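Knowing the structure of chain R, use the given hints to seat chain D with the ligands on it.
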Amino acid sequence: MPKITIDGKELEFKQGQTIIEAAKQGGIDIPHFCWHSSLSVSGNCRICLVEVEKLPKLVIACSTLAADGMVVQTASQKTLDARNAVMEFILINHPLDCPICDEAGECKLQDYAYEHSVGESRFVEEKNHKDKRVQLGPRIMFDGERCISCSRCIRFSDEIAGKNQLTFVKRGDRVTITTFPGESFDNNYTLNTVDICPVGALTSADFRFKSRVWEMSATDSVCVGCSRGCNTEVWVRDNKIQRLTPRHNEAVNSHWMCDYGRLNTFKFVNDETRVDGPSIRREGQLIKVSWDEALNLAHDRLREFKTSEIAFIGSAFATAEDNYLFARLAKHMGVHNIDFARHIAHGDFDNLLLLEDKTPNSLGAELAGIKPEHGGLSFDEIMEAVKIKKIKALYILEDDLAGLGEEYAAALGKLDLLIVHAVNYNKTTDYADVVLPSAAFAEKNGIFVNFAGTAQRLKPATTTLETDRALDGMSMSRWDVFGTKFDRWANGSRYDARPSWRIVSMLSQKFGLKLKFQMAEEVFRSLSEHNKHFEGLDYDNIGRKGALVKNISLPVPEKIK
Amino acid sequence: MPVKKRKKDLNLMENLYIPEIAKGLALTFKTMFKPKVTMEYPEVKFQPPASYRGRPVLVQEESGVERCVACGLCSRVCPALAIEVRASETELEKERYPEKFEINMLRCIFCGFCEEVCPEEAIVMSKDYELVFTDREDAIYGKDKLLVPVANLKDRLEFLRNFK
Ligand code: SF4
Ligand code: SF4
Ligand code: SF4
Ligand code: SF4
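Chains R and D, in that order, give the protein sequences. Numbered per this note's numbering, the first sequence spans residues 3 to 563. Numbered per this note's numbering, the second sequence spans residues 103 to 266.
If we strip away everything but chain R, and leave its shape as in the complex, we get (with noise of 0.2 Å):
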């Protein structure tokens, strides 16, 4: 393999990477803005400016070749004194208005601004005015003063987004970034430009203004909005999701996730329509009882049905350990009438992330044990069955039938008994004759498996009211840390709801099951153990970036560009 020095470090490279790539492998950071290793390379920016030997110039890192025996150097007084100017002309026009700006506080300007310059600037005439606050599409605001024409917005759209949406218009210091003309930027993956925006001239209308990034605490998660499970990072602050933000892993997602994804799929959480404690039907009406009475209830009454009269409806938004244990409940109480619902959105799909399957583990929930059993009754089956009254009773993990349409709505109408676990009320919980409120997915451990079959980890990054941030080991803000109970910070909405295989555990007692565990990741141990699919597997070796479960035959997952 060719060598390249690089601040008296030999590195190794590939034929064909460049000194920005090549250093980035060993380790060493090259300061860039327009760069991004998944772009194409524009070097515009001209803060990777660094001194190789023998030649004349300071080069771009970003565009120029590695090759044998280079020797690079990357802090030489030449590179530094280039750095400062470039930061200098870059801040020439650059209104400065970080106490305005959602990105400050992990702006790269203010970073390299930090590291890179000495501070001064000798421009004393008045600044450029561009527009500020201007609406490019119906998820992004521009602020053209912001922007250090780095392109890295322009590319994506063109390269990654495959719309050609974006331009920059006129020359100088009067360039700036526009649609083109009677178009709109809004396609499906636009606020990726605010994540990769090195600035913060593209900021998020959803996001815009509702917290300083120091605020928050932010936990690795998986998304819930379809079966792709792009690895994602959630925000909270004041034990409230504030914002998704996409988190690097080449297999399943690289540095990108869909916009649908990322405004849709945590609003719920916090939702004034959240479950808040057990309730069971009496005259009509849902009223709250306590844990005991609803689950006694649930068990009197499943008891007063044949085993051929009940079905158990798992669920693809629910985690692997919930379905598994769901599906063992059915195993002892002799239920074979086991599946889950399917939810595909035909032709809702793009050829970068989005998938049809809006749901984010139906793979996992059908290897964790949710399909049927000895002749039992597969998904349409059951509701057939329950439009005619041959199954009386339902009991449903997470998810809202009614919710697929009318049709079900009626047919659960039908039900002499259903019993629900939801996060949020819905129009199934509208039938129900017992609630129970189950942990949403950033209140709770588990794993995902995605279409490709990767285990994916789910991290708590809200409370409930039965955990606790520091007890849990949760990842905490400032706020978090130091709020005492006085603290009005510190009383976001908390509600009392359970990892639906706690409550499914509890209720196994009742029937005689001695499904005990204390934690998500004692489930887990017990279904690798049991489950050829999830065999050696572990929270641990799962970790941040997932792992393949075994024995399925899928479709390799193919690398995304």
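Source of the hints: derived by calculation from the structure; they are not laboratory data. None of the values given here were measured: they were computed from a predicted structure. By construction, the Cβ of each residue, glycine as well, lies at the ideal position given by its N, Cα and C atoms. It cannot be assumed that every hint is accurate.
[To be verified] Chain D is nowhere near these chain R residues, computed Cβ spacing over 12 Å in every case:
1. K5
2. T7
3. D99
4. Y116
5. Q167
6. D188
7. S213
8. D240
9. E252
10. T275
11. L354
12. D359
13. F381
14. E386
15. S528
16. G538
[What the hints assert, rightly or not] Mimicking DSS-like on lysine-lysine, the simulated pairs with C-alpha atoms at most 25 Å apart in a straight line are:
17. K196/D - K134/R
18. K247/D - K212/R
19. K110/R - K247/D
20. K290/R - K416/R
21. K487/R - K196/D
22. K110/R - K212/R
23. K212/R - K107/D
24. K5/R - K59/R
25. K308/R - K373/R
26. K138/D - K212/R
27. K247/D - K202/D
28. K242/R - K416/R
29. K172/R - K134/R
30. K202/D - K487/R
31. K242/R - K202/D
Positioned in the frame of chain R, the structure of chain D with the ligands alone reads:
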């Protein structure tokens, strides 16, 4: 500091007590004829100089709008976590304003860091030292109590321009 003597170390004069008592009384009488420095608070109120750090307040412009742009820096720098800011968008040119701005006066230690860090000169230390509350909730001052017209803060703003 005078060294405290043990009884066994006292000399004869000190052991007699009378001269020492006379000395003490002399000091008392002398002070009686000096001008008084105590104030009869609350009938008479102390007027602090501009350098005084009373409770932090928000500067309200003549237009009635607060200067604050809800950048959150004061909240971040505050060592006591006394300040909670929530931003929102305004049609005004400044784009951002604090929808909610609260200082918990039970947390505040009057260090003045918030004033020092503010990029807008929007939060300043006032001359107000009269802080009385009867419960914890009362001690959390919202915008209603924090906003003070700029005219009433001239002293402090001038002081900051000269010495900050
Ligand atoms: S808007 Fe942001 S990403 Fe686009 S060119 Fe300007 S600075 Fe670069
Ligand atoms: S592609 Fe699917 S998983 Fe990824 S962000 Fe969109 S909805 Fe979520
Ligand atoms: S004076 Fe100090 S303690 Fe009080 S609010 Fe300001 S920064 Fe916080
Ligand atoms: S530092 Fe100044 S502008 Fe920023 S939030 Fe505090 S008072 Fe407002």
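Status of the hints after comparison with the structure:
Against the 12 Å criterion, K5/R stays outside the reach of chain D, whose nearest CB is about 45 Å from its own CB. Here T7/R stays apart from chain D, with its beta-carbon at least about 42 Å from theirs, past the 12 Å limit. Listed as outside the interface, D99/R is inconsistent with that label: its C-beta sits roughly 8 Å from the nearest C-beta of chain D, within the 12 Å cut-off. For Y116/R, the requirement that its beta carbon stay farther than 12 Å from each beta carbon of chain D is met, with the minimum near 15 Å.
The Cβ of Q167/R sits about 25 Å from the closest Cβ of chain D, beyond the 12 Å cut-off, so the non-interface label holds. For D188/R, the shortest C-beta to C-beta distance to chain D comes to about 21 Å, beyond the 12 Å cut-off, and the non-interface label holds. Annotated as non-interface, S213/R brings its C-beta within 12 Å of a C-beta of chain D; the closest such distance is 8 Å. The claim that D240/R lies off the interface is violated: its Cβ sits roughly 9 Å from the closest Cβ of chain D, which falls inside the 12 Å cut-off.
Against chain D, the non-interface label of E252/R holds: every CB pair exceeds 12 Å, the least being about 34 Å. The Cβ of T275/R sits about 24 Å from the closest Cβ of chain D, beyond the 12 Å cut-off, so the non-interface label holds. Remark: the non-interface label on L354/R is consistent with the geometry, its nearest Cβ contact in chain D lying 31 Å away (cut-off 12 Å). For D359/R, the requirement that its beta carbon stay farther than 12 Å from each beta carbon of chain D is met, with the minimum near 37 Å.
The beta carbon of F381/R sits about 45 Å from the closest Cβ of chain D, which is more than 12 Å, so the claim that it is off the interface holds. Consistency note on E386/R: stated as away from chain D, and its beta-carbon is indeed over 12 Å from all of that chain's, at 52 Å minimum. Listed as a non-interface residue, S528/R keeps its Cβ farther than 12 Å from every Cβ of chain D; the least gap is roughly 43 Å. At roughly 45 Å, the least C-beta separation between G538/R and chain D is larger than 12 Å, which holds for a residue marked as non-interface.
Taking the CA atoms of K196/D and K134/R, the gap is near 11 Å; set against the 25 Å cutoff, the hint holds. At roughly 24 Å between alpha-carbon atoms, K247/D and K212/R fall within 25 Å of each other, so this suggested pair holds. Taking the CA atoms of K110/R and K247/D, the gap is about 38 Å. The hint is violated against a cut of 25 Å. Distance hint between K290/R and K416/R is fulfilled; the C-alpha atoms sit about 24 Å from each other, no more than 25 Å.
Restraint check for K487/R and K196/D: not satisfied, since their Cα atoms lie roughly 34 Å apart, outside the 25 Å limit. The suggested pairing of K110/R with K212/R holds, with an alpha-carbon distance near 20 Å, which does not exceed 25 Å. A threshold of 25 Å between alpha carbons decides the hint, and for K212/R with K107/D the separation of about 66 Å lies outside it, so the pair is violated. Between K5/R and K59/R the CA atoms are separated by roughly 22 Å; this keeps the pair inside 25 Å, and the hint holds.
This hinted pair checks out: K308/R and K373/R have alpha carbons roughly 20 Å apart, not beyond 25 Å. Distance check on the hinted pair: K138/D and K212/R sit about 55 Å apart at the alpha-carbon level, beyond 25 Å; violated. Our distance criterion of 25 Å between C-alpha atoms is met by K247/D and K202/D, whose separation comes to about 12 Å. Distance check on the hinted pair: K242/R and K416/R sit about 38 Å apart at the alpha-carbon level, beyond 25 Å; violated.
Taking the CA atoms of K172/R and K134/R, the gap is about 16 Å. The hint holds against a cut of 25 Å. This hinted pair checks out: K202/D and K487/R have alpha carbons roughly 19 Å apart, not beyond 25 Å. The hinted pair formed by K242/R and K202/D meets the criterion: a straight-line CA distance of about 17 Å does not exceed 25 Å.
Checked against the numbered hints listed earlier, the structure breaks hints 3, 7, 8, 19, 21, 23, 26, 28; every other hint is satisfied.
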